[in-house]
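Build out the structure end to end from the sequences listed, making use of the hints.
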Amino acid sequence: MWAAVALAGAAGWGFVALHRHETISAAWLVLAAVGTYLVAFRFYSRFLADRVFDLNDRRATPAERLANGRDYVPTSRWVLFGHHFAAIAGAGPLVGPVLAAQFGYLPGTIWIVFGVVLGGAVQDFIILFASMRRDGKSLGQMAKEETGPVTGMLAMVAVLAIMVILLAVLALVVVNALRDSPWGVFTILCTIPIAILMGYWMKVWRPGRTLEASAIGVVLLMLALVGGRYVAASPVLAPLFTHSALTIAYGMIAYGFVASVLPVWMLLCPRDYLSTFMKIGTILLLAAGIAVVLPPLRMPAVTQFVDGTGPVFAGKLFPFAFITIACGAISGFHALVASGTTPKMLTRESDARYIGYGGMLMESFVAVMAMCAAAVLDPGVYFAINTPLATLGGSVEAAAETIRGWGFQVTPEQMTGLAAAVGESTLLSRTGGAPSLAVGMAQIFSGAFGQGMMALWYHFAIMFEALFILTTVDTGTRVGRFMLQELAGHVWKPLGRTSWYPSIIAASALVVAGWGYFLVQGVQDPLGGINSLWPLFGISNQLLAAVALCVGTTILIKSGKTGYAWITLLPLAWVLLVTLTAGWQKVFADDPRLGFLAHAALTAQQVAEGVVDPARGARLIFNDRLDAVVAIAFMLVTLLVVLASAREWVLVLTRRKPARVQESPFVETAYAG
Amino acid sequence: MPGSRGARTRLDGAGLQEALRPLLSAIRKIAGMPDYPAYLEHLRRCHPERAVPSEREFYEEFVRSRYADGPTRCC
Numbered sequence: 002m003w004a005a006v007a008l009a010g011a012a013g014w015g016f017v018a019l020h021r022h023e024t025i026s027a028a029w030l031v032l033a034a035v036g037t038y039l040v041a042f043r044f045y046s047r048f049l050a051d052r053v054f055d056l057n058d059r060r061a062t063p064a065e066r067l068a069n070g071r072d073y074v075p076t077s078r079w080v081l082f083g084h085h086f087a088a089i090a091g092a093g094p095l096v097g098p099v100l101a102a103q104f105g106y107l108p109g110t111i112w113i114v115f116g117v118v119l120g121g122a123v124q125d126f127i128i129l130f131a132s133m134r135r136d137g138k139s140l141g142q143m144a145k146e147e148t149g150p151v152t153g154m155l156a157m158v159a160v161l162a163i164m165v166i167l168l169a170v171l172a173l174v175v176v177n178a179l180r181d182s183p184w185g186v187f188t189i190l191c192t193i194p195i196a197i198l199m200g201y202w203m204k205v206w207r208p209g210r211t212l213e214a215s216a217i218g219v220v221l222l223m224l225a226l227v228g229g230r231y232v233a234a235s236p237v238l239a240p241l242f243t244h245s246a247l248t249i250a251y252g253m254i255a256y257g258f259v260a261s262v263l264p265v266w267m268l269l270c271p272r273d274y275l276s277t278f279m280k281i282g283t284i285l286l287l288a289a290g291i292a293v294v295l296p297p298l299r300m301p302a303v304t305q306f307v308d309g310t311g312p313v314f315a316g317k318l319f320p321f322a323f324i325t326i327a328c329g330a331i332s333g334f335h336a337l338v339a340s341g342t343t344p345k346m347l348t349r350e351s352d353a354r355y356i357g358y359g360g361m362l363m364e365s366f367v368a369v370m371a372m373c374a375a376a377v378l379d380p381g382v383y384f385a386i387n388t389p390l391a392t393l394g395g396s397v398e399a400a401a402e403t404i405r406g407w408g409f410q411v412t413p414e415q416m417t418g419l420a421a422a423v424g425e426s427t428l429l430s431r432t433g434g435a436p437s438l439a440v441g442m443a444q445i446f447s448g449a450f451g452q453g454m455m456a457l458w459y460h461f462a463i464m465f466e467a468l469f470i471l472t473t474v475d476t477g478t479r480v481g482r483f484m485l486q487e488l489a490g491h492v493w494k495p496l497g498r499t500s501w502y503p504s505i506i507a508a509s510a511l512v513v514a515g516w517g518y519f520l521v522q523g524v525q526d527p528l529g530g531i532n533s534l535w536p537l538f539g540i541s542n543q544l545l546a547a548v549a550l551c552v553g554t555t556i557l558i559k560s561g562k563t564g565y566a567w568i569t570l571l572p573l574a575w576v577l578l579v580t581l582t583a584g585w586q587k588v589f590a591d592d593p594r595l596g597f598l599a600h601a602a603l604t605a606q607q608v609a610e611g612v613v614d615p616a617r618g619a620r621l622i623f624n625d626r627l628d629a630v631v632a633i634a635f636m637l638v639t640l641l642v643v644l645a646s647a648r649e650w651v652l653v654l655t656r657r658k659p660a661r662v663q664e665s666p667f668v669e670t671a672y673a674g
Numbered sequence: 002m003p004g005s006r007g008a009r010t011r012l013d014g015a016g017l018q019e020a021l022r023p024l025l026s027a028i029r030k031i032a033g034m035p036d037y038p039a040y041l042e043h044l045r046r047c048h049p050e051r052a053v054p055s056e057r058e059f060y061e062e063f064v065r066s067r068y069a070d071g072p073t074r075c076c
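Line order of the protein sequences matches chains A and B.
In terms of the numbering used here, the first sequence opens at residue 2 and continues consecutively.
In terms of the numbering used here, the second sequence opens at residue 2 and continues consecutively.
Hints are supplied without guarantee of correctness; some may be wrong.
[Said to hold, decoys possible] FRET-style restraints, in silico, Cβ to Cβ: (1) L24(B) to P150(A): 24 to 34 Å; (2) P495(A) to G14(B): 48 to 58 Å; (3) S396(A) to L24(B): 52 to 62 Å; (4) A11(A) to G14(B): 49 to 59 Å; (5) R59(A) to L24(B): 28 to 38 Å; (6) I197(A) to V53(B): 53 to 63 Å; (7) H48(B) to G228(A): 26 to 36 Å.
[Unchecked claim] Some but not every residue of chain B turned toward chain A, in silico, with C-beta under 7 Å: (8) Q18; (9) I31; (10) R45; (11) Y68.
Simulated from the structure, these hints should not be mistaken for laboratory data.
Nothing here was measured: the structure is a model prediction, and the numbers come from that model.
The beta-carbon is built from N, C-alpha and C at its ideal position, and this holds for glycine as well.
Spelled out as structure tokens, the structure:
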């Protein structure tokens with residue numbers, strides 16, 4: 002039976018390999034991915050569970066020992082799988098693969114599938130396992146206890162830094178999707194009163210009735226989506242909701258601040274529920290759509306842009322494909338979620354395998370589906386949507402000409418026709434991945450569930466992406482605020498009080514100013530902000546993965562499993578190689594499209610020649626240098642964490658330090674075997 | 002006839018709610034929502050001496066603590 006599964010997977014890869022220059026069906030990619038996942042889950046994750054982690058169902062889990070009916074709750078394996086998946090899957094696995102599709106669908110897909118099997122899923126599994134053995138402690142606490150306070154502190158600073166870059170880049174994705182789009186802006190604005198209504202419903206009018214409120218919220222959201230079409234068509238209303246990128250960016254910054262200061266029940270919690278239901282629903286819908294349509298992949302398997310001349314983002318296939326796709330292959334952020342609510346809900350130790358390893362495979366599958374949705378588009382259309390305006394040229398004719406120069410066919414009529422079909426004035430240069438994903442999804446959905454609804458499906462997809470990105474923006478700002486308050490509390494006690502208003506307002510303002518600065522910088526960036534911000538995000542996310550893998554390795558070595566330490570050392574080495582190479586190139590490369598410092602030098606030259614206004618030039622140069630400093634700081638933090646951990650490993654291996662982990666003591670389970 | 006099969010399986014409002022409870026509880030857990038009935042059950046079993054909070058008190062405490070430490074969701 003397993004031989005058959007393995008054969009099916011191999012057949013998928015084989016077919017993809019043999020038909021590289023033809024249009025093939027997405028079915029082959031899905032078959033290759035699923036076959037690989039199943040074999041990896043059956044054999045590799047079982048090896049990890051039985052041989053490396055010694056998962057023991059006689060050992061009581063935190064959910065059993067510390068049961069409190071609230072967060073420590075023994076939960077059935079399948080329900081917890083859903084809970085964990087809803088917590089880890091977000092915009093990352095959807096956007097990254099779409100951007101990386103500029104290299105063709107094959108490199109990204111290979112990385113997504115093999116990266117997850119050997120890297121991402123191992124990371125999630127080991128962190129979930131470690132947290133489960135430590136009463137559900139967080140990554141930061143485990144780093145502190147196992148490798149010392151320095152690593153713990155660095156991990157916290159790293160999380161805060163990632164949060165700032167992450168929020169900026171995700172906000173930029175939304176800004177690019179919503180600029181000059183009255184339909185999109187109207188629908189997204191409606192989510193705010195809908196969430197507040199749900200908040201009052203759940204707290205004041207019908208306390209605790211969360212499902213009722215969510216059902217009402219989803220219905221209202223659909224009405225807002227349909228209503229957006231009439232707003233966009235109305236000559237009176239449309240101008241009220243048509244805004245430039247900069248206005249939308251400032252609007253989001255203001256929103257992030259207000260959401261961080263308001264009580265959670267009013268805005269953040271209801272949005273969280275709403276976006277979770279939309280997310281699960283849409284992902285199921287996308288899977289169904291791909292299964293029904295089995296769309297042909299029009300994008301070539303590999304494009305000429307592997308040489309680093311790609312218009313979507315600069316840089317060669319190595320290392321940038323592996324930085325652009327973080328979530329879906331390996332995502333350091335998951336280490337925070339896998340040491341959050343999930344470890345407190347495991348009923349049996351062996352469930353950790355299904356949820357930690359299996360949950361991440363599921364996210365990887367979402368990334369493969371996103372890659373399919375991007376590759377379904379005509380390559381010409383894909384590049385017209387994802388290339389910055391400066392490269393493309395201002396008009397559809399110029400854009401078509403530029404793209405023809407790259408060897409892809411697209412006509413001006415095709416682009417104007419497509420924009421009209423999805424209810425937008427233009428689709429040119431809507432960078433950031435979300436709009437091209439939405440066009441791909443709209444094509445798949447309208448193919449599967451009835452033609453003629455392209456515009457509705459497009460805006461459905463935009464609404465769903467914007468909804469949960471904005472939810473990340475408000476939860477992220479809040480988490481950043483708490484961390485900042487905790488750090489500031491070390492300096493002056495009252496600042497650490499998370500309910501003291503002056504401290505709340507100051508910390509929220511600082512966090513918002515942090516990501517807001519990068520957002521505005523991204524909006525004004527002549528190369529299109531995605532080009533500089535997305536790699537920074539990928540690097541920071543992989544840096545966190547390196548921290549998590551260091552903690553995992555330390556735990557393996559301390560628990561006498563040094564012979565198996567390669568399971569985390571292998572992905573760690575790869576992540577370091579990729580992150581440090583990419584970081585180095587982003588800072589020091591000679592190509593001004595790629596290197597921050599080279600771009601600063603080019604701008605200085607342009608100012609001297611009088612091509613660029615000096616004030617604007619000074620700002621651009623400052624931004625380039627700031628980005629360079631951020632990238633260097635990320636690399637330094639990574640190296641420090643690795644060195645601190647390596648020191649610990651050497652001490653333990655040379656027996657100068659006892660090989661003892663900080664696990665909670667064994668307690669026999671009371672559950673029947 | 003009281004207690005007959007027909008009467009017991011008839012789905013009135015309370016019966017329907019009872020039948021759907023596992024499903025609703027699963028949806029709540031997946032979305033990270035508070036599960037008041039499960040909490041009552043836990044209190045009854047493990048701490049029968051404790052005062053029972055109202056649904057609103059339980060909801061407020063749950064929401065406050067859930068969003069108070071660390072990220073609850075990934076990007």
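Run through the hints listed earlier and report the numbers of any the structure violates, in increasing order.
Checked against the structure, the hints that fail are numbers 1, 6, 7, 8 and 10, while the rest are satisfied.
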